[in-house]
Amino acid sequence: MVTSLHLYLPSKRLKELMQTLAPLLPLGVSVAVRSGERFLGGAGSNAEQLTEHQPDTRSHPFVLDGQSIGQLLWYTPPECASQTQPWIQHLITLCQSMIALEQARRAVTHEALESLREIALLERASTSLNRSLRPKEVANALLTELASRSPHITWGAVFLYDITDSHYGLLTTLGHNADALFEPFARSTFFQGMIDGQIVGIINDIAAHELCSNHNSLFHSTLSLPLDAHQERVGLLVLAAEHKEAFTSADLKRTTTLASIAATALRNAQLFAAETNMFRAFISMIATAIDAKSPYTAGHCRRVPEIARMLTEAACADTTPLFAGFRFTEDDWETLEIATYLHDCGKVVTPEWVVDKPTKLSTNMDRVELIELRIQLILQQEQLTPQQTGNKGPKFWQEALRFVRACNLGTEMISPESEARLRGLAACCWRDGQGQEHPLLDEEELDNLLIRRGTLNANERAIIEDHVVHTINMLKGIPFPPRLRHVVEYAGGHHECLNGRGYPYHLTETALSIPARVVAIADIFEALTAPDRPYRSPYTLSKTLDIMHRMSREGHIDPDLFQLFLRSGVYQRYAENHLKPHQIDSVDLTVYLGG
Amino acid sequence: MDTVVIVDDEVHIRSLLEQTLEELQEDYAFEIVTAANGGDGLAVVQRERPRLVFLDVMMPVMNGYDVCKAIRADASLNETRVVMLTAKGQEADRQRGLDVGVNHFMTKPFDPDEILKLAETILKS
Chain A
1 MVTSLHLYLP SKRLKELMQT LAPLLPLGVS VAVRSGERFL GGAGSNAEQL TEHQPDTRSH
61 PFVLDGQSIG QLLWYTPPEC ASQTQPWIQH LITLCQSMIA LEQARRAVTH EALESLREIA
121 LLERASTSLN RSLRPKEVAN ALLTELASRS PHITWGAVFL YDITDSHYGL LTTLGHNADA
181 LFEPFARSTF FQGMIDGQIV GIINDIAAHE LCSNHNSLFH STLSLPLDAH QERVGLLVLA
241 AEHKEAFTSA DLKRTTTLAS IAATALRNAQ LFAAETNMFR AFISMIATAI DAKSPYTAGH
301 CRRVPEIARM LTEAACADTT PLFAGFRFTE DDWETLEIAT YLHDCGKVVT PEWVVDKPTK
361 LSTNMDRVEL IELRIQLILQ QEQLTPQQTG NKGPKFWQEA LRFVRACNLG TEMISPESEA
421 RLRGLAACCW RDGQGQEHPL LDEEELDNLL IRRGTLNANE RAIIEDHVVH TINMLKGIPF
481 PPRLRHVVEY AGGHHECLNG RGYPYHLTET ALSIPARVVA IADIFEALTA PDRPYRSPYT
541 LSKTLDIMHR MSREGHIDPD LFQLFLRSGV YQRYAENHLK PHQIDSVDLT VYLGG
Chain B
596 MDTVVIVDDE VHIRSLLEQT LEELQEDYAF EIVTAANGGD GLAVVQRERP RLVFLDVMMP
656 VMNGYDVCKA IRADASLNET RVVMLTAKGQ EADRQRGLDV GVNHFMTKPF DPDEILKLAE
716 TILKS
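These protein sequence lines map, in sequence, to chains A and B. Quick note: the first sequence uses the numbering used here, first residue 1, plus one each step. Quick note: the second sequence uses the numbering used here, first residue 596, plus one each step.
Rather than coming from a laboratory, the hints here were simulated on the basis of the structure. Fair warning: there could be bad hints in the mix.
[To be verified] Reference excerpt, derived from the structure (chain B facing chain A, CB under 8 Å, subset only):
no., residue
1, Ser610
2, Glu617
3, Gln641
4, Asp706
No experiment lies behind these values; they were computed from the predicted model shown. C-beta: ideal position from N, C-alpha, C; glycine also.
All chains, please: the whole structure from these sequences, using the hints.
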């Protein structure tokens, strides 16, 4: 605090006082108020030149808090000394009461200014410390705010208390080489003292402290405070300085104010993290359930996020104009992760016999077995009536069964000849116990066997495609916070195509964001390379990329992203981590990168 | 010597600002002159030609906008920086302040450290 007389005898008021006094002083008398070398005011001739060493000059000191802050000097010609004395005494009293009043006023103002500082600090801190719900960001904001206001702080650290193992883990630090300094510090008995509450507040000479054995740290002063919120320990704040006697009571006051806000903010961040973790566990549970539902797609929901993340990272890192403006925030990454984990969540309502339909006649069982039974029945009946016309004989039926079994697999296209043969077989009859005749293949069985490609009929394909609608509807039911609002879009668009031929909404290029397109590519790549599907063995890398290249040319998937997928080497890195060695064959990228 | 002028009709605001600025007098030589209404404030500014003026908005005789307008009308005062002190919630009136040539705004209750930072930047320049 500044202690100089001019602050307590403001020049304007001193001037007024001296002006009133001047005409009252006897001739030849002069008075002056000085603060050290500084002349503050006076009356009479030569007032400015007055010093206490001159003859017939006397002085009176002005004292504040035991400290001399200036003096009143007066020169009186000997002949009028007695006449002047009462005036001088009056002047001293006046000045002293002015100083006392001004001292009181300044003290009140000083307190008010300190309060304003504290209000401003609280306001700033409650904004900056509550801006984030990430513990590390809160802790960084705390350290930055403290360091910006106190020149004494060289290093700072926030330790988080882990209730499960009663351990204090280093969350974040500030200052040159701080991590390396705080790490050994955290193993010291001195730090233990901070944890136990034996050391709280300022220690301005660590080496001299009883809990400090063998001081070899660069820290010479510390200011530490526990971070408590709602009567619970959240963590510990440690500030350190390279000199002794570094911290002041003002530092402690400011730090205490901020620490209480920071503790609450950290606690909120921890609670938020706990909620987030729980939500993530639910997501993981759903992904596990979907993957577990079908042995064939096991791991799909866990591998698609990985491919999508790798491809998105490649897009962020890409320097070509294609992805120059593409940025991903931390919230975007979280959105993508949730979306990719849940992109198939609608499959929980899809019957597994459709998801995994291994053969055309599969429902809960493969009905080809029924057909075999019927054929055996026909054969028996033919053997009982060998003379009957129309009997086809064992050889015919064995071949018929082999043919039906082959058609049932769905591995090959049904040719017009095969179709005619199936229709012919369907018309053959078998008789039940009551002598009633039935067709060998009923209408529904025939329709299934006539599926031209794959094992799914139109109805079942619709059920499969419906899983995306279920995904979208399920995710729409989750009240995602604004920062995660794109989850539904990223997850629900993975079967849409740029050319508008995808499902379920036949979206086109303009409606499909880059992340949604990324998810589509990740989904296809994973599905094609997945270890085992009921209807086929896993594709090799070259065959997979061939198929995807065709899809890219046909406007099914984004060609720019597909090219990035190739030239960034994402496909290769993923393959090395997840594909069987025999799947990883040589790939000639020039074929695809040409366009 | 540089001068800093404080124009505010509230004595406690003058007092708080003055005592805040005194901290800078250790490092910078400047004089603080105060005025308790807009009219006096303008007269002081025209007489002292200060580097910096802290100007309240709502004041008797002449409001802060008119004072600032008058300051800006005087080309010889274009080195004078004007900091307008607005009450909380009056931030919307900033445009009006900008229109009359205010350089900076501070919200009351002010943060003494912000005042010091701003004043120092101006006095240093």
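So, going through the hints one by one against the coordinates:
no., hint, verdict
1, Ser610, "holds (5 Å)"
2, Glu617, "holds (6 Å)"
3, Gln641, "violated (19 Å)"
4, Asp706, "holds (3 Å)"
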